[in-house]
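Trainee: Sequence:
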Amino acid sequence: MKLKHKIALFFVYFTLFLALTAMVDYYAYDTISPLVFIVFSLLAAFWVTIVHAKNREKTKVDELAEDIEKII
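When we follow the numbering used here, the leftmost residue of the sequence shown carries the number 1, and every step to the right adds one.
Bear in mind the hints are in silico, worked out from the structure with no lab data behind them. Just so you know, not all the hints are guaranteed correct.
[Stated by the list, open to error] Cut-off 25 Å, straight-line C-alpha distance, at most; resulting in silico cross-link-like pairs (DSS-like, lysine-lysine): (1) K54 to K70; (2) K4 to K70; (3) K70 to K60; (4) K58 to K4; (5) K2 to K58; (6) K58 to K70; (7) K6 to K58; (8) K70 to K2; (9) K4 to K60; (10) K6 to K54.
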């Protein structure tokens with residue numbers, strides 16, 4: 001797997017986790033710092049990208065990553 005594809009995968013997963021945690025942050029803004037959600041999104045996207053790269057099974061995320069690769 002090329003580095004460009006891994007970066008695109010990370011971007012897809014980070015965007016997904018950031019969108020999900022942004023919805024949670026909308027309701028928990030007073031109790032939890034938004035920085036916690038950003039750090040969680042970064043760590044989760046990094047971990048899922050590693051797991052995805054090791055799994056080597058083609059999924060819909062790979063198709064999205066290929067579209068992002070064309071832009072990069």
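Trainee: State for each hint whether it applies.
Mentor: Outcome of the hint check:
For a cut-off of 25 Å, the pair hint linking K54 to K70 stands: about 23 Å separates their Cα positions. For the proposed pair K4 and K70, the alpha carbon gap of about 10 Å is at most 25 Å, so the pair holds. Of the pairs offered as hints, the one joining K70 and K60 holds, with about 16 Å between alpha carbons and a cut-off of 25 Å not exceeded. About 16 Å separates the Cα atoms of K58 and K4, which keeps this hinted pair within 25 Å; it holds.
About 14 Å separates the Cα atoms of K2 and K58, which keeps this hinted pair within 25 Å; it holds. For the proposed pair K58 and K70, the alpha carbon gap of about 18 Å is at most 25 Å, so the pair holds. Pair hint K6 plus K58 holds up; C-alpha atoms about 13 Å apart against a cutoff of 25 Å. At most 25 Å may separate the alpha-carbon atoms for a hinted pair to count; K70 and K2 meet this at roughly 13 Å.
Distance hint between K4 and K60 is fulfilled; the C-alpha atoms sit about 17 Å from each other, no more than 25 Å. The hinted pair formed by K6 and K54 meets the criterion: a straight-line CA distance of about 11 Å does not exceed 25 Å.
Consistency with the previously given hints is maintained throughout, with no hint failing.
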